[in-house]
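So for the sequence shown, UniProt numbering puts the first residue at 1; every next one is plus one.
Do not take every clue at face value.
Derived Cβ-Cβ restraints for the label pairs, each shown as a range [as the list claims (entries may be wrong)]:
1. N45 - A81: 42 to 48 Å
2. E31 - P80: 43 to 49 Å
3. D82 - P50: 33 to 39 Å
Derived from the structure by calculation, the hints contain no laboratory data. Model, not experiment: these values are computed from the prediction. Yeah, the Cβ is synthetic: ideal placement off N, Cα and C, and Gly gets one too.
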Amino acid sequence: MAGDTGKGVRHKSIALQSNSAEGGVMYSDDELRSLRAVDAYKAKNRVKFPTAVDLLRVAVQVGYRPPEDVPHFEPAVHNPADPLVRS
Numbered sequence: 001m002a003g004d005t006g007k008g009v010r011h012k013s014i015a016l017q018s019n020s021a022e023g024g025v026m027y028s029d030d031e032l033r034s035l036r037a038v039d040a041y042k043a044k045n046r047v048k049f050p051t052a053v054d055l056l057r058v059a060v061q062v063g064y065r066p067p068e069d070v071p072h073f074e075p076a077v078h079n080p081a082d083p084l085v086r087s
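Please build the complete structure, drawing on both the sequences and the hints.
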């Protein structure tokens, strides 16, 4: 219909509907699960572009846990004598 913008119609990616190749890329089951989780988050929270924090929340919801052996880094301290740092 002329002028119909299709508001309210959500087009799903072929890659999300099946494990088919899209643009030469084959998604693993874990990748598809992650994409579906992000898509569900976007629909539930009515956000078009999730932030990095939103994506971290989704990752934790689907079971991501950081490895225990990752070292904790302290923030860098500004050293005025450092020649690589501009004032």
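Check the structure against each numbered hint from earlier and tell me which ones fail, lowest number first. none
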